[in-house]
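Undergrad: Those protein sequence lines, which keep their order, are chains A and B.
What the first sequence shows, in this note's numbering, is residues 1 to 248, in sequence order.
What the second sequence shows, in this note's numbering, is residues 1 to 248, in sequence order.
Derived from the structure by calculation, the hints contain no laboratory data.
In this text the structure is predicted, and so the values were computed from the model without any measurement.
Misleading hints may appear alongside valid ones.
As the list makes no split between identical chains, a pair holds if one copy fits it or if it spans any two.
Said to hold, decoys possible - No farther apart than 25 Å at their CA atoms in a straight line, the calculated lysine-lysine pairs in the DSS-like style are these:
#  : residue 1 : residue 2
1  : K51       : K129
2  : K88       : K144
3  : K208      : K243
4  : K144      : K48
5  : K191      : K51
6  : K48       : K129
7  : K106      : K208
8  : K144      : K113
9  : K3        : K51
10 : K147      : K129
11 : K243      : K48
12 : K144      : K208
13 : K106      : K144
2 protein chains.
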Amino acid sequence: MLKRERHELIMRQINLHNRVLTTDLVDLLQVSEDTIRRDLQVLCDEQKLLKVHGGALSRSYQSAYDDNAIYAREAKICIAKKTISLIKDGMVILTGGGTTIIELVKQLPVNLKATFFTISPFVAIELAKYDGIEVILIGGIFSKNSKVTFGGHVISQLAGINADLCLMGTSAIHPESGITDTDWEINQLKKAMFQCARKVAILCISEKLNIALRLKVTGLENITHLITELSPAEHCLAAYRGKGLNIL
Amino acid sequence: MLKRERHELIMRQINLHNRVLTTDLVDLLQVSEDTIRRDLQVLCDEQKLLKVHGGALSRSYQSAYDDNAIYAREAKICIAKKTISLIKDGMVILTGGGTTIIELVKQLPVNLKATFFTISPFVAIELAKYDGIEVILIGGIFSKNSKVTFGGHVISQLAGINADLCLMGTSAIHPESGITDTDWEINQLKKAMFQCARKVAILCISEKLNIALRLKVTGLENITHLITELSPAEHCLAAYRGKGLNIL
DNA sequence: GAGAATCAGGCAGAAACCCGCATAAATGCG
DNA sequence: CGCATTTATGCGGGTTTCTGCCTGATTCTC
Chain A
1 MLKRERHELI
11 MRQINLHNRV
21 LTTDLVDLLQ
31 VSEDTIRRDL
41 QVLCDEQKLL
51 KVHGGALSRS
61 YQSAYDDNAI
71 YAREAKICIA
81 KKTISLIKDG
91 MVILTGGGTT
101 IIELVKQLPV
111 NLKATFFTIS
121 PFVAIELAKY
131 DGIEVILIGG
141 IFSKNSKVTF
151 GGHVISQLAG
161 INADLCLMGT
171 SAIHPESGIT
181 DTDWEINQLK
191 KAMFQCARKV
201 AILCISEKLN
211 IALRLKVTGL
221 ENITHLITEL
231 SPAEHCLAAY
241 RGKGLNIL
Chain B
1 MLKRERHELI
11 MRQINLHNRV
21 LTTDLVDLLQ
31 VSEDTIRRDL
41 QVLCDEQKLL
51 KVHGGALSRS
61 YQSAYDDNAI
71 YAREAKICIA
81 KKTISLIKDG
91 MVILTGGGTT
101 IIELVKQLPV
111 NLKATFFTIS
121 PFVAIELAKY
131 DGIEVILIGG
141 IFSKNSKVTF
151 GGHVISQLAG
161 INADLCLMGT
171 SAIHPESGIT
181 DTDWEINQLK
191 KAMFQCARKV
201 AILCISEKLN
211 IALRLKVTGL
221 ENITHLITEL
231 SPAEHCLAAY
241 RGKGLNIL
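Using the sequences and the hints given, assemble the complete structure.
TA: Structure (structure tokens):
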């Protein structure tokens, strides 16, 4: 078996189960433990997974419990500052949830006059601190995992919204696979949100680049802007620019 | 199971319930008590949680819990405990916002199975920590003053709800004037909420008794229960009992 | 203050890890 | 094709990490 082939299979296991044991891989791929360990080492160096004692974990899985530790806060503030250049007085803006969006809200200019629709109570609370911003919270079933409202009622309300800009975090983006996720309900929700706005900007820290998860939300053709903490000239963003996205 | 995986699961439990017992984790993760204790130790060293005798606490809870800032907190907890006697498994409950309601939510039994509709994002977030509770956040314009959603859209959604119990704080109650308030929009909102439930309980610390404000929300005939921190036998509650309210 | 629960530290076996080395496979070049 | 070079793999042995058990100390509860 080719080394490259093994790597593919390992990544498939990771994306499928979010985790994998070294010993299981030994069994599955019929090579020595050392080989597996070396494979995991290079995949870890390539930021494809997270090596831990006994095996490896999915990189995006890890982000699940960042919410109070404010993971990669510096990067998120950097993203926020870039995003602000897209926001003008008078705009109607639709946002998702997540720590990246929260950081953005905290960085908004104090005098901004705008209307924000959001599915995240946290974002709504943060937005409410600005006098000039009108906040509309879209109601529905409240997801314990994602901390946003979701379900049919949310989607039908979204259908009536016509925003200038949609701002969304994501757990994975890939040049070919586009935006992907692991939760079907949230998936449906994001699809609906992308339909509501003329411009759609994805806010995403660099470690979530070039990752594909199981469920496809949308291809890159429906995204207009990609905002990361990296310089737009950065090599690893070239593939996205090639797809017609504006890179900030 | 990988060590890192265990840490993730422990943090999830913490974020969900704000606290966790060592013995519960032993049961959940199927490892020895020593292992759990060591895990808690490293997570504590990493500032991810707060280790205490017998288990661990959420760090953010701790900071959110310095709320001696919450006025008359003792009284509100007392009110919460009385209110719980009204709540049974399977109920559909509609709540308003305010610190009294938040305290109530924090005191709910962990195994409660119920459906909550609420207009307060803060209440929704707090409710979401209970596995057995389905939370529906009613969407609309988000009021910067009252920190609840309001407006025509909220009221029209309320019209479709038929709850067993409506729990509401209030800023004033009076034997003759009933429930009164100062804000016209919130006024309209509360009127609509009172229409949605078979039973309506007012949660109210004693110092708000016997006060009338400018705008009338409803007379006492639409209220079924009054819950204060005082003993039901207390003299100053007699006038309300005379109006047919159940006093707890 | 007694008894139970919880905790901290040390110990040992097992598992996982890392490193160097030798062999095998692949690659490049004349 | 033959041979040198590079790369990949497996193995052995020493090291580290993890986990459960044990013991004595501490804390909690009644």
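Undergrad: Each hint should be assessed against the structure and marked as holding or not.
TA: Each hint tested on the structure:
1. In this homomeric assembly, K51 and K129 come within 25 Å of each other (Cα to Cα) only inside a single copy, at 20 Å, whereas the closest approach across copies is 31 Å.
2. For a Cα distance limit of 25 Å, the shortest separation of K88 from K144 across copies, 21 Å, qualifies, whereas the shortest one inside one copy, 33 Å, does not.
3. In this assembly of identical chains, K208 and K243 lie within 25 Å of each other by CA distance solely inside one copy; the values are 17 Å within and 62 Å between copies.
4. With identical chains, the CA atoms of K144 and K48 are at most 25 Å apart between copies only, with a shortest distance of 20 Å across copies and 28 Å within one.
5. In this assembly of identical chains, K191 and K51 lie within 25 Å of each other by CA distance neither inside one copy nor across copies; the values are 33 Å within and 41 Å between.
6. Proximity of K48 to K129 under the C-alpha cut-off of 25 Å is restricted to the intra-copy arrangement: shortest distance 18 Å within a copy versus 27 Å between copies.
7. Taking the closest pair of Cα atoms, K106 and K208 come within 25 Å of each other only inside a single copy of the chain (22 Å); across copies the shortest separation is 35 Å, beyond that limit.
8. Within a single copy, K144 and K113 get their C-alpha atoms only as close as 31 Å, which misses the 25 Å cut-off; across copies the closest is 15 Å, which meets it.
9. Both within a single protomer and between protomers do K3 and K51 lie at most 25 Å apart by alpha-carbon distance, with minima of 18 Å and 12 Å respectively.
10. Taking identical chains as interchangeable, the C-alpha atoms of K147 and K129 lie at most 25 Å apart whether they share a chain (20 Å) or sit on different chains (10 Å).
11. When the C-alpha separation of K243 and K48 is checked against a cutoff of 25 Å, the pair qualifies only within one copy, where the shortest distance is 22 Å, while the shortest distance between copies is 40 Å.
12. Taking the closest pair of Cα atoms, K144 and K208 come within 25 Å of each other only inside a single copy of the chain (23 Å); across copies the shortest separation is 34 Å, beyond that limit.
13. In this assembly of identical chains, the alpha carbons of K106 and K144 lie at most 25 Å apart whether taken from the same copy (23 Å) or from different copies (16 Å).
Figure legend: structure checked against the earlier numbered hints; the only hint not met is number 5.
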